[in-house]
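Residue numbers (our numbering), protein chains in the order written: chain G, 1 to 373; chain S, 1 to 243; chain L, 1 to 102.
One or more hints might be untrue.
[What the hints assert, rightly or not] Derived DMTMM-like pairs (lysine to aspartate or glutamate); straight-line CA-CA distance at most 25 Å:
#, chain 1, residue 1, chain 2, residue 2
1, G, Lys117, S, Glu32
2, G, Lys160, G, Asp82
3, G, Lys117, L, Glu55
4, G, Lys358, S, Asp98
5, G, Lys67, L, Glu73
6, G, Lys117, G, Glu211
7, L, Lys23, L, Asp39
8, L, Lys75, G, Glu58
9, G, Lys360, L, Asp94
10, G, Lys325, G, Asp311
11, G, Lys358, L, Glu73
12, G, Lys360, L, Asp39
13, G, Lys117, S, Asp82
14, G, Lys210, G, Glu71
15, G, Lys73, L, Asp27
16, G, Lys117, S, Glu134
17, G, Lys67, L, Asp77
18, L, Lys29, G, Asp78
19, G, Lys325, G, Glu170
20, G, Lys117, S, Asp75
21, S, Lys137, S, Glu118
[Said to hold, decoys possible] Only part of the chain G face toward chain L is listed, based on derived beta-carbon distances under 10 Å:
#, residue
22, Lys73
23, Gln77
24, Gln127
25, Gly130
26, Leu134
27, Tyr135
28, Ala138
29, Thr142
30, Arg147
31, Gln148
32, Ala202
33, Arg203
34, Lys210
35, Glu211
36, Ala351
37, His355
Because the hints were derived from the structure by calculation, they are not lab data.
Backbone N, C-alpha and C fix where the C-beta goes; we use that ideal spot for every residue, glycine too.
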Amino acid sequence: MITFASCFVRCEATVTSVPIDPLKATFWIWVEYRRQKPEPVLMQAETAHPADALRRPERNDPAFLAKIAAEQKIEPQDEMPDDYRKHLVRQISQHAHSEIVGMLPEGGWITRAPSLKRKEVLLAKVQDEGGHGLYLYAAAETLGVSRQSLLDALHSGRAKYSSIFNYATETWADIGMIGWLVDGAAIMNQVPLCRCSYGPYARAMIRICKEESFHQRQGFDIVRSLVEGTTEQKAMAQASFERWWWPTLMMFGPHDSDSVHTQASDWGIKRLSNDELRQRFVDVTVPQAAYLGLTIPDPALCWNAERGHYDFGPLDWDEFWRVVKGGGPCNEARLSARVTAFENGAWVREAAAEHARKRKFERAAKPAEKIAA
Amino acid sequence: MAATTLVFGVLPQADALRLADTCLLWAHRLSEWCGHGPAIEEDIALTNTALDAIGQARALYQAVALARGDGSSEDTLAYFRDPDEFCNLSIAAVANGDYAQTVLRSLYLSAWFISVWEGFAHTNAIELHRFAAESAKAARMCFRHASDWAVRFGDGTGESRARMERALLLLEPFVLELLDAELTGSPAQSRSGSFRQRIDACFAQATLSPLSVGSSRGSSAAERRALLTEMQSLARLHPTARW
Amino acid sequence: MSQVHDQNSGNDWPLFEVFVRSKQGLDHKHVGSLHAADDTHAISLARDVYTRRQEGVSIWVVPAASITASAPEQKSDNFDPMANKIYRHPTFYDIPDEIGHM
Ligand SMILES: [Fe+2]
Ligand SMILES: [Fe+2]
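If we strip away everything but chain G, and leave its shape as in the complex, we get (with noise of 0.2 Å):
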């Protein structure tokens, strides 16, 4: 238990150990910290959720916790803390903006992709992180906010998404790097959670783990095809490579040790923390770039046998926090494309619900015949 809970510890921030269950012996940490301003979206889901008449558990409820540590699922309509679903509202979601502006880098390359068969397969893939961007909000929308909402928030800015999107897509390695690299860390962020307490949100996961697990190889056998392939092919690889491997790291979030962190893990919605990923992430995928051939752009990287694991050298926290605030790349290109493409469709959206009801009030209005056919 000490070293379960010891990872948990996290500096600036105030943290608290309360027993909940004295016979386990159990203990958990509980670090508060503030937001620095307050979530419209979050307000929403905490005033409109659908369990008003229920019960709402504090966060620190003996019997939610031990249903959680049972292993039991928590559905829509079961009593739970605000916290806890105001932690999940804003996970999922992002989740889900991440998916859908995720279609935008890999997106552009579709036209230009060099074969046909290419072409098909990352027209799919691209497809289906547009499904996945639907589960997830799906998902979110049975905690009681609506897609629109979340939508909002994102187009203003609000909320976040993977910052891995707002890097450029220059080349067409970069497609084969998302691919391996960036679907292989989504991958491994994404397996634990199918596991997670909420039952729409673990679902969900299922559903797109088992949609994943093709976009990983086509990316590898991008890849691998240009080492394999001209001089300029490999050249264009290594560049790549070295363009995505650091932000690739980073998809994992900052150190534990900095980390605000919102008992995710009580709440069994986050089971490995970040830095036990990111050591995962870079010890399956060495072995995978010495297979390509491709040389890590990092001169600290060993294998540690005494560790039992790679060491790598440190990331550079401020290029992560840069374009976390906005500062990467592409952030504004990703955000105004998404705005647009809400914004140009708002009138198709209302024509539809315009022609809804027109159809309904006629069908209101001839009952009879309804019946006859």
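With chain G fixed as given, assemble chains S and L with the ligands onto it according to the hints.
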């Protein structure tokens, strides 16, 4: 290359290429919507049509390459022919415009493809028969999707109706070709009958006036040139590369 | 089921729950939800969104607002009394060995 080479044993090469090029360029236009559609659900629906069209283009190019037997491949046909060697229906290359134009083009092309694929229902060439039957299913799905939207737009809001009417005007110069395009083994007359029937039924439901066919023929050669410059850019930069 | 309490502007497509029969002979199973303008639209989108890998042979869509769910706070009142009706289960009865399978 012999001009008489038959694809699938029965189809003149020029016809096969016309179908393949039309599929490919249309798929290209549809794929431009990926990530930019009016709703995520629609992105996925458009992409499904694009995937079907690319699949059909590939099958046809492969069959052409096989019939030629001269070392050409689906990719040499798609990436290394010059724009004026393409023989697509003009409407396929027209730039997307707004969603009404995209929907109308899909409506026209899917209705045309239904008439083409169904026209091969009685062919003795087994491969072509199988391919056409599969393609007809996809075309009917696309037609249903496009026709649902045409009805929503025609009978939706004032704005959607105005946009639909504008789309009808913009695409009118490309309709004639849909009616009289020659394909061996599939008489234009019976195809145009099936085409008109579908379109008129849809327009009636959409409360739009019946299909009007002008006498002029529009050209999308410039748009095709731009499209292919983009599509072929990377492949032509590395002519010896394999991907 | 999903419940959305936000004020919709009126032009947001309503939410539909999607059920898919994965194979002839099996029940329709809830697979997720989506937004659509009406039922026809919902069916067509469900096909694109939820059966891209041939996951189904039949689709149902139901407006999420039409679903009435049992009250969660009555979960134990509703379902706990069933737990003590053990005579409903075949294992409640002893069948002599000589009889064999029944
Ligand atoms: Fe995904
Ligand atoms: Fe993916």
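Structure-based check of all given hints:
1. G:Lys117 x S:Glu32: 17 Å, holds
2. G:Lys160 x G:Asp82: Holds, at about 21 Å.
3. G:Lys117 x L:Glu55: At roughly 23 Å apart (the allowed maximum being 25 Å), Glu55 of chain L and Lys117 of chain G satisfy the hint.
4. G:Lys358 x S:Asp98: 24 Å, holds
5. G:Lys67 x L:Glu73: 16 Å, holds
6. G:Lys117 x G:Glu211: 19 Å, holds
7. L:Lys23 x L:Asp39: 22 Å, holds
8. L:Lys75 x G:Glu58: 20 Å, holds
9. G:Lys360 x L:Asp94: Distance ~58 Å between Lys360 of chain G and Asp94 of chain L Cα, so the pair is violated.
10. G:Lys325 x G:Asp311: 28 Å, violated
11. G:Lys358 x L:Glu73: 39 Å, violated
12. G:Lys360 x L:Asp39: 10 Å, holds
13. G:Lys117 x S:Asp82: Roughly 20 Å between the alpha carbons, so the hint for Lys117 of chain G and Asp82 of chain S holds.
14. G:Lys210 x G:Glu71: 22 Å, holds
15. G:Lys73 x L:Asp27: 23 Å, holds
16. G:Lys117 x S:Glu134: Roughly 19 Å between the alpha carbons, so the hint for Lys117 of chain G and Glu134 of chain S holds.
17. G:Lys67 x L:Asp77: Satisfied, since the Cα-Cα distance of roughly 19 Å is no more than 25 Å.
18. L:Lys29 x G:Asp78: Given that 25 Å is the threshold and the Cα spacing comes to 21 Å, the pair holds.
19. G:Lys325 x G:Glu170: Status holds; Cα separation ~22 Å.
20. G:Lys117 x S:Asp75: 9 Å, holds
21. S:Lys137 x S:Glu118: Distance ~10 Å between Lys137 of chain S and Glu118 of chain S Cα, so the pair holds.
22. Lys73: 13 Å, violated
23. Gln77: Holds. Min distance 4 Å.
24. Gln127: Hint on Gln127 of chain G: holds, closest Cβ of chain L at ~7 Å, below 10 Å.
25. Gly130: Hint holds; Gly130 of chain G Cβ to chain L Cβ min 9 Å, cut 10 Å.
26. Leu134: Because about 6 Å separates Leu134 of chain G from the closest Cβ in chain L, which is inside the 10 Å limit, the hint holds.
27. Tyr135: 6 Å, holds
28. Ala138: 4 Å, holds
29. Thr142: 5 Å, holds
30. Arg147: Hint on Arg147 of chain G: holds, closest Cβ of chain L at ~6 Å, below 10 Å.
31. Gln148: For Gln148 of chain G, the interface hint holds, since the closest Cβ of chain L sits about 5 Å away, which is under 10 Å.
32. Ala202: Nearest chain L Cβ about 13 Å off; hint violated.
33. Arg203: Since chain L brings a Cβ to about 8 Å from Arg203 of chain G, closer than 10 Å, the hint holds.
34. Lys210: It holds, given that the least Cβ distance between Lys210 of chain G and chain L is near 9 Å, below 10 Å.
35. Glu211: 8 Å, holds
36. Ala351: Given a least distance of 8 Å, the restraint on Ala351 of chain G holds.
37. His355: 7 Å, holds
Checked against the numbered hints given earlier, this structure breaks hints 9, 10, 11, 22, 32; the rest are met.
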